[in-house]
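**Student:** Throw the hints in and build the complete structure from the sequences for me.
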Amino acid sequence: EDALLPAPQNISILSTNMKHFLTWSPVIIQGETVRYSVEFQGEYEREYANESWIPICECSLITATVCNITEDISATVAYNLRVRAGVGARRSEWGTLKVFFNRVTTSLTPPLMKVIADGSHLLVELEDMGPAFQFCVLYWKKGQESRMQQKVVKEVRSMVHLDTMEEGTDYCVKAQTYVEAINRSSSFSQTQCVRAQGGTSKWL
Amino acid sequence: LTAGNKIFHFGPCRVSMSLTEIRSGFTAIKANVQARDPVRTLSILSHPHSLHKVKSSDRCCITHHLFNFYVDKVFKHCKTEDSYVNRKISSIANSFLSVKRKLEQCREQNKCICGQESKEKFEQILLNYEALNITSAAIKSLGELDILLDWV
Amino acid sequence: SGELYCSLPNPRNVHFESVNMKNVLHWSAPEGTGDGVLYKVKYSVYGVGKWIRKPECRNINRTWCDLSSETSDYEEQYYASVKAFLNGKCSDWIETTRFNPLTDTKIDPPMVSVSSTEKSISIILTAPETWKRSPEGESISLLQVYPGLQYNVSVLNKKTKKRWFFSISNNTLVVPQLEPDTVYCVSAQIHVITPLLHSGFSKEYCIATLKDKTA
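Top to bottom, those sequences are chains A, B and C. So for the first sequence, our numbering puts the first residue at 1; every next one is plus one. So for the second sequence, our numbering puts the first residue at 1; every next one is plus one. So for the third sequence, our numbering puts the first residue at 1; every next one is plus one.
The hints are simulated quantities; they were obtained by calculation from the structure and are not laboratory data. Worth double-checking, as some hints may not be accurate.
To be verified - Ranges of calculated distance between the beta carbons of each label pair, as one might list FRET restraints:
| hint | chain 1 | residue 1 | chain 2 | residue 2 | range |
| --- | --- | --- | --- | --- | --- |
| 1 | C | 180 | B | 52 | 51 to 59 Å |
| 2 | B | 48 | C | 7 | 36 to 44 Å |
| 3 | B | 52 | A | 166 | 30 to 38 Å |
| 4 | C | 50 | A | 60 | 41 to 49 Å |
| 5 | A | 110 | B | 135 | 42 to 50 Å |
| 6 | B | 82 | A | 51 | 16 to 24 Å |
| 7 | A | 190 | C | 163 | 21 to 29 Å |
| 8 | B | 81 | C | 135 | 27 to 35 Å |
| 9 | A | 125 | C | 95 | 24 to 32 Å |
| 10 | C | 168 | A | 53 | 30 to 38 Å |
Claimed, not checked - Cross-link-like lysine-lysine pairs, in silico, DSS-like; alpha carbons within 25 Å at most:
| hint | chain 1 | residue 1 | chain 2 | residue 2 |
| --- | --- | --- | --- | --- |
| 11 | C | 213 | A | 151 |
| 12 | B | 100 | B | 111 |
| 13 | A | 114 | C | 132 |
| 14 | C | 159 | A | 114 |
| 15 | B | 119 | B | 53 |
| 16 | C | 161 | A | 114 |
| 17 | C | 22 | A | 154 |
| 18 | C | 158 | C | 40 |
| 19 | C | 132 | B | 53 |
| 20 | A | 141 | C | 50 |
| 21 | C | 106 | C | 158 |
| 22 | A | 141 | C | 119 |
| 23 | C | 50 | B | 53 |
| 24 | C | 50 | A | 114 |
| 25 | A | 19 | A | 141 |
| 26 | C | 119 | C | 213 |
| 27 | B | 100 | B | 55 |
| 28 | A | 114 | A | 154 |
| 29 | B | 55 | B | 111 |
| 30 | C | 203 | A | 154 |
| 31 | C | 106 | A | 154 |
| 32 | C | 158 | C | 211 |
| 33 | C | 50 | A | 151 |
Quick caveat, the model's predicted, so the values are computed rather than measured. Beta carbons: idealized from backbone N, C-alpha and C, even for Gly.
**Tutor:** In structure tokens:
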């Protein structure tokens, strides 16, 4: 059999806001198109199913060096992943993650948020980050940080109504995401303040 | 029992379970898996005794038994020729393993007491399971996940 | 009864259509058969060993059969089956997939009633009634069936064209500090988390706030 292909190196995971991507360095073979295949193994497979591996068909014989594994990393357990290169019938050894990946380590960014005063109503627009995300929105009268109020927003709609405001008073709002599946929250967004003024909002 | 989707209270045992992902994983393969189970006259979980008739004091123990049952006995015998179904089964199995671990902590801290009823109930489930060959029993159990999820 | 020789084409697309727990079996006539086809229906509780005939749906020529009464225990799951007859021939029994009344039902939008004052509107939402045995009978409320039931409410200011969303667990909502003499349109949706079920949004109910007497 021809010389074995080198196994893919630098296999790592980029995970932000519960979107997980496997990346690796390309295997360079002059004049050849190298294709890659990816497989995953959860803790269940390691401990109860003879350490079996499951192929990810969307990342089978691909030329890219990145694979979206979000759909398969769907439990809060330690996952292992592996990649191998192929040229025609030739296959490399599997290259495997150095450290297992658990989605609990995903990095969570504060949500994009826009605060609106519509007349004397305080509203917030939040970025739709997918079904895994809820939002904890805190709002308070400026200067009364000790009397913050909280609203949990489970479904992102365009303008979520927070509360009614006393005319001429400044209200401030900040929000963080919460991911129930991993029981973690992001840091808070920047605080935004508005003032209700007879039907037109005024940014502060 | 708090029916929310986050923290489940089984008496003193508090377990955070995100059943949404398990349920959406199961819904994606429900028709496929149930179609592989031709036996209408036998149920693993719901007959002759329904899960819904279990006393609340025994719920934690039965839940623990059932998550162990699925992880130890069921999922490994559910491999199909369909890679999409296999990936969803893996997702459900790993989620079950995560919950099983949490329930184990409750057992170790004596917060999940097993009474006579849960013992008898689970024995009946095993009898139902052993009345079929292992692959049919496993596929039938997998097809009944919504019975378990509706009850939990 | 001795089965006839079953060479008639089978009924097609045998399935449950369930709305607010009213569970009706539907099917299409066998291919290529004109009028005159009659049908029999039976059902079974999953896990229980016997099929049960539905007398009211014996030798019927319509292609539906209301099995709400027989499938009203939503802690059980069910199968149903249909057989066709024509000119002394019959078809095979054709079954549904497994039917779970709790997860396989569709939910209608809530009823919305709105009243207004000068500066506020009050909204009362009523979940649709579930199936009941008789018009005088009691029906189980959706809240009993789905303890986690919530409402999403949309309020549209027709003047500014701005739409606000509220998410509430009880069935009443008062929106204060509104503009007098302005039309607001309200629509609402039912949202259940476990199992995940959504109704559509109701049609819009519009109402004007009263004129400001002091103006």
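**Student:** If a hint holds in the structure, say so; if it doesn't, say that too.
**Tutor:** A quick look at each hint next to the structure:
1. 180/C x 52/B: 51 to 59 Å: 53 Å, holds
2. 48/B x 7/C: 36 to 44 Å: 39 Å, holds
3. 52/B x 166/A: 30 to 38 Å: Taking Cβ atoms as reference, residue 52/B and residue 166/A lie about 50 Å apart, which means the hint is violated.
4. 50/C x 60/A: 41 to 49 Å: Holds, at about 47 Å.
5. 110/A x 135/B: 42 to 50 Å: 49 Å, holds
6. 82/B x 51/A: 16 to 24 Å: 22 Å, holds
7. 190/A x 163/C: 21 to 29 Å: 25 Å, holds
8. 81/B x 135/C: 27 to 35 Å: 51 Å, violated
9. 125/A x 95/C: 24 to 32 Å: Check failed, 49 Å falls outside 24 to 32 Å.
10. 168/C x 53/A: 30 to 38 Å: Since residue 168/C and residue 53/A have Cβ atoms about 47 Å apart, the given range 30 to 38 Å is violated.
11. 213/C x 151/A: At roughly 35 Å apart (the allowed maximum being 25 Å), residue 151/A and residue 213/C break the hint.
12. 100/B x 111/B: 14 Å, holds
13. 114/A x 132/C: 47 Å, violated
14. 159/C x 114/A: The given pair, whose Cα atoms are some 22 Å apart, holds under the 25 Å limit.
15. 119/B x 53/B: It holds: about 14 Å lies between the C-alpha atoms, which stays within 25 Å.
16. 161/C x 114/A: At roughly 18 Å apart (the allowed maximum being 25 Å), residue 114/A and residue 161/C satisfy the hint.
17. 22/C x 154/A: Not satisfied, since the Cα-Cα distance of roughly 29 Å exceeds 25 Å.
18. 158/C x 40/C: 54 Å, violated
19. 132/C x 53/B: 24 Å, holds
20. 141/A x 50/C: Violated. Residue 141/A to residue 50/C sits at ~66 Å, over the 25 Å cutoff.
21. 106/C x 158/C: 31 Å, violated
22. 141/A x 119/C: 22 Å, holds
23. 50/C x 53/B: Cα-Cα ~22 Å, so holds.
24. 50/C x 114/A: The hint is violated at about 60 Å.
25. 19/A x 141/A: It is violated: about 36 Å lies between the C-alpha atoms, which goes past 25 Å.
26. 119/C x 213/C: Since the Cα atoms of residue 119/C and residue 213/C sit roughly 11 Å apart, the hinted pair holds (cutoff 25 Å).
27. 100/B x 55/B: 21 Å, holds
28. 114/A x 154/A: 17 Å, holds
29. 55/B x 111/B: 16 Å, holds
30. 203/C x 154/A: Holds, at roughly 23 Å.
31. 106/C x 154/A: 22 Å, holds
32. 158/C x 211/C: Given pair residue 158/C, residue 211/C holds - Cα atoms ~16 Å apart, limit 25 Å.
33. 50/C x 151/A: 52 Å, violated
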